[in-house]
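Fit chain to chain and form the complex, with the hints in mind.
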Amino acid sequence: MSGFSEWLADVKDVHAPEALAVGLPTKRVESWKYVPTRGLARTTWQPASPKTTEQFAVTGGQFVNVPAIDGLTVSDDALTDSEKKRLDDISQAHGFGLTQAALQNSQLVLTVRKTTSVVLNLHHLANQASAAGFATLIIRVEAGAQLSLVEQFESTDADTANLSSLRCLMTLARDASVTHVRFQAANTAAHVFSNLDVECGENASYRLQTIEFGSKLARNDIYIALAGREASASVNGLAITNGSQYHDTHLAIDHVVGETNSEMTFRNMVDGKGEATFNGRVLIRKDSQRSATEQSIANLLLSESARVNPKPELEIYADDVTASHGCTVGSLNKTELFYLKSRGLSEADARAFLQYAFAEKIVEEIEHPDIRELVETQLLGELKHGELIAELKESVDV
Amino acid sequence: MLSIRNLHARVGDKPILKGINLEINAGEVHAIMGPNGSGKSTLSSVLAGRDDYEVTDGEVIYMGQNLLDLEPEERAWAGVFLSFQYPVEIPGVKNIYLLKAALNAVREHRGLPELKAGEFLKLVREKLKVMQMDEAFLHRNVNEGFSGGEKKRNEILQMQLLEPTLALLDETDSGLDVDALRVVGEGINRMRAPDRSVLLVTHYQRLLDIVKPDFVHVLAHGEIKLSGDHTLAEKLEREGYEGIEAA
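As you go down the protein sequences, you meet chains U and S in turn. Numbering-wise, this note's numbering puts 310 at position 280 of the first sequence, and it's gapless, one number per residue. Numbering-wise, this note's numbering puts 40 at position 14 of the second sequence, and it's gapless, one number per residue.
Okay, chain S solo, but in the shape it has when bound (with noise of 0.2 Å):
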């Protein structure tokens, strides 16, 4: 489903990563883990589309299309989703227009014909159930005075709509608390389907007790230092990302 190859790229002047090689298959969870700085967010975003990064070298091939050739929205329109590690607050929006905009635009890309409104409530509030949110959040404006967890239930809520044929998930654990985190595991763990990829980011073992990944690769200044199973997870928790930084 997605090969990276080589893929490098920098901020600025900074090279961030250094020849990323990756090869995720169709229905596969993959984490990427790393200490504080080692190009793991830098990897969604550049995957995402987000043009704060210059990729210098490599390149990504998404479902046989150069995944790099394409603008944001066609990345979405192709499938690709990718929840924020900071959710972005646009207050003046309500997260409904949102969630239908964003719905009809991806349904539209891929020759479906629109929700009616009522078959659009339908879906949204069976999604909120599983996200246990409440309706109150379609009426608030995007993520404006969301609290941590609010917004990244919100993130994975979209996921949800969307159903992404790939999707990038960047430290979606981080702010949550216990019981957020449950919830927003198992939002995940609904997603995971034989056509569906998830690479996931994260700094902590604690998501990826919930979400077993089929392989976890360790990420340090900017590449791929070491991969392996989910226990390479448990390995990291307990003795730390310093012998694979030395390495």
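Only chain U is shown next, with the shape it has when bound in the complex (with noise of 0.2 Å):
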């Protein structure tokens, strides 16, 4: 716990010192098995200050410039009891959840009202050298209302250890429905954190894409709650994890009650010493009937000491319920190979087309034209022998 540990002992947060007696979790605890701790418990952080920008933005684990736009409210009042909760529940879960707790920045209330439209684009600007912001937003979309929520993290210079964490409350009141598009593309001194924790009412829909290029290390945990009949929640998401990088995404979708559906898709593509870990758990409770689920998670991997851990788990207690999954872990296909080899692609190219197929199934189902350009720009960019692909789009795509 060296790494926050001066700090928190500073700090007058009632979770403070729990946080300094349980310390950063181990590998004993089963969700934090993989995640390697020693750069975060060894590094001396300190407290970030928030960067200059004109952007709505996260930056020192505190929120600027939050827009006026029509339909949205940013709200003073206090958290409700069942906000408390899903925090609480963060909180307690582990060593790190009670840091997170204690060292809280800010925190910032959304409401988003009643069958308006609201589109959202926040930015997470990397914090200073051994600096770490964490920051709390809640949002509520009332009924029949839509966001469209995109986060985007800015890639800097900064080549010196940097964290920042972000806990996410969303509640979805009936009919409302929003798209989430998470773009995680921060410089790979970062260490950043993202709980977010959504509950759908009935009807509501809720649709997350998370890609992941960036950071040193990167740890979701996403819980979905369908807590209302008809409410549906999917899931799609790339992590593309390389050199000594580490990514790794725990998702829960919880079927609370019946006739709920859900989706989850996601795609691992590890190179070089990368480590990437993807926890998918579905739990249909007992009296969920006339559920829907369908997992489906493929792991790509592109050297002999890249490793992933994928952990599909479906805990179903109904009986009248249709559920599908799949999991893969693989090299590339040779068949694949052999059929792209014998059209005149070199060994190099035949393979940059098979990683950019196996990224690409995820990202071009973006809805945003605009974010779907940048992450293609920035997948190009990513894989060896991008160019050839970058160069097709070019003078194919008019």
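Honestly, the hints are just simulated from the structure, not real lab data. Among the clues, some could well be false.
[To be verified] In silico DSS-like pairs for lysine-lysine, Cα to Cα no more than 27 Å straight-line:
| # | chain 1 | residue 1 | chain 2 | residue 2 |
| --- | --- | --- | --- | --- |
| 1 | S | LYS40 | U | LYS364 |
| 2 | U | LYS423 | S | LYS40 |
| 3 | U | LYS414 | S | LYS40 |
[Stated by the list, open to error] Which bits of chain U does chain S cover? Going by a derived footprint, with three or more residues having C-beta under 8 Å, they are:
| # | segment |
| --- | --- |
| 4 | 141 to 148 |
| 5 | 411 to 422 |
[Unchecked claim] Examples of chain S residues toward chain U, derived with CB under 8 Å:
| # | residue |
| --- | --- |
| 6 | TYR79 |
| 7 | ASP83 |
| 8 | GLU97 |
| 9 | PRO117 |
| 10 | TYR123 |
| 11 | LYS126 |
| 12 | ALA131 |
| 13 | GLN184 |
| 14 | ALA246 |
| 15 | ILE250 |
Where a beta carbon is used, it is the ideal one built from N, C-alpha and C, also for glycine.
And the structure:
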């Protein structure tokens, strides 16, 4: 805990003594089994300060430039009991949860008012060297309202360790719908923590697309509760892990009531000495009849020393449900490589084609054309020999 | 153009080809027929460089070089093209990317300049028309969700673009209905040229009614048991492979 201990010792928050006492999770905490915590523990973290920007951003643990948009209210009222409990569950999960609570710099509560439609672009700006920022965002989407939330992580030139944590609670009232895109391309010294807790009421729909390219270490905890009939959630994600990066997504979808639908698709592509963890859990409770879930997890390993830890978990206690799942781990398909090479593509170009294809199946689903374009451009930059495809796209997509 | 001499190949411990000898001259169309499991597809795969097979003996000389020494992409650059029995789906990659990348790669190795975007599109549209394919095929993912017939048309479309010197067509007629068979057959006929050879692997005679081969060979148990002209194919259609297999 030396990484945060001095800081925590001076903090007045009620969670601080407990966070100090419990310390950072070790390998014995099942959900943190693979997380390399050494860098976290060794760095002497300090509070971050906000950077200057004109965008709506979370920087140094603070929200800046909250936009004034029709339909969107910045609320001052206290958290509801349910929100308090959900935040508390995140805090109590382990020592890092307690640390996030104790060191929280700021909290923002936004309400998307009934039947309005709001577009929000939230930028994440990397913190200063050795600085850590902790923020909490509460979003309430009222009945029939629509929210499009895009989170983008700016890649800066910082090459010293920095840390940012965002806990986000989202509550969708009946008939509300949210499309959420998270594009994490933080610099490779960044430690990025994200907790996302979503509750969907009756006939509400939540769609998340999460793309991870950046950071040294990224940990996403996503919990989605389908708490009203006809609620649905769809998550598709891609993590490209390279060099000595570590990416970890723990995703849980809870069918709290019946007649709810969920879909999760996640792809990991790991190269170099990278390591990626994906834990995909679906819980269909005993009385959640007539629910449906689809799960698909694919892992592509591109080097001898790349590692991946996929864990699909389906817990189904109801008997009238439709469930499908699949999980694959492998290297590039030999037959596909041969097909491309037999058409004259070099080994390197054929490999680039197939890596692009693997990632593109997720990226092509992004509905925002600007973000999709941005992700594709960065994706091609990440791939060895991606420039061939970049040229093709440019010359053919007119 | 192509000399196959005493070619032996196996998969794992199982010998599949047991001494194939075949001479193909420029401009000729050869058909290899034979019952299932005779080694027909293995022969075309070995020639294209698929590494699931191990060549244990023999040699293959193509235009003066030892074909078996070349990587699959080097064979493509040298003018060899394999139309797959089961064309591979590449979800996530648009058909047009593959067509353009393949054509550029092959042209580069033939010392030809890269086609400009407009020239390329004009050429592809011409070939699409020949194959009676809609332009929408260009922007769909490679073979993903294509019907059996569409996949085979797509193979022949690639061949039309790449203009190989030696075309290996592996069961290109399988899974085709009568109309598609005609389009594919005519697509192959258009490619016949004095400097281009075709090796056509098939189980049935029906494609050979459209693409008249100069020579027909019957492969059974990994060896060529019988060779003749196109009338041999008709005879096989009437009498089956039984008599030959027993020989």
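Outcome of the hint check:
| no. | hint | verdict |
| --- | --- | --- |
| 1 | S:LYS40 <-> U:LYS364 | holds, 21 Å |
| 2 | U:LYS423 <-> S:LYS40 | violated, 44 Å |
| 3 | U:LYS414 <-> S:LYS40 | violated, 38 Å |
| 4 | 141 to 148 | violated (count 0) |
| 5 | 411 to 422 | holds (count 3) |
| 6 | TYR79 | violated, 11 Å |
| 7 | ASP83 | violated, 23 Å |
| 8 | GLU97 | holds, 7 Å |
| 9 | PRO117 | holds, 6 Å |
| 10 | TYR123 | holds, 5 Å |
| 11 | LYS126 | holds, 6 Å |
| 12 | ALA131 | holds, 4 Å |
| 13 | GLN184 | holds, 7 Å |
| 14 | ALA246 | violated, 27 Å |
| 15 | ILE250 | violated, 24 Å |
This entry does not satisfy hints 2, 3, 4, 6, 7, 14, 15, going by the numbered hints stated previously.
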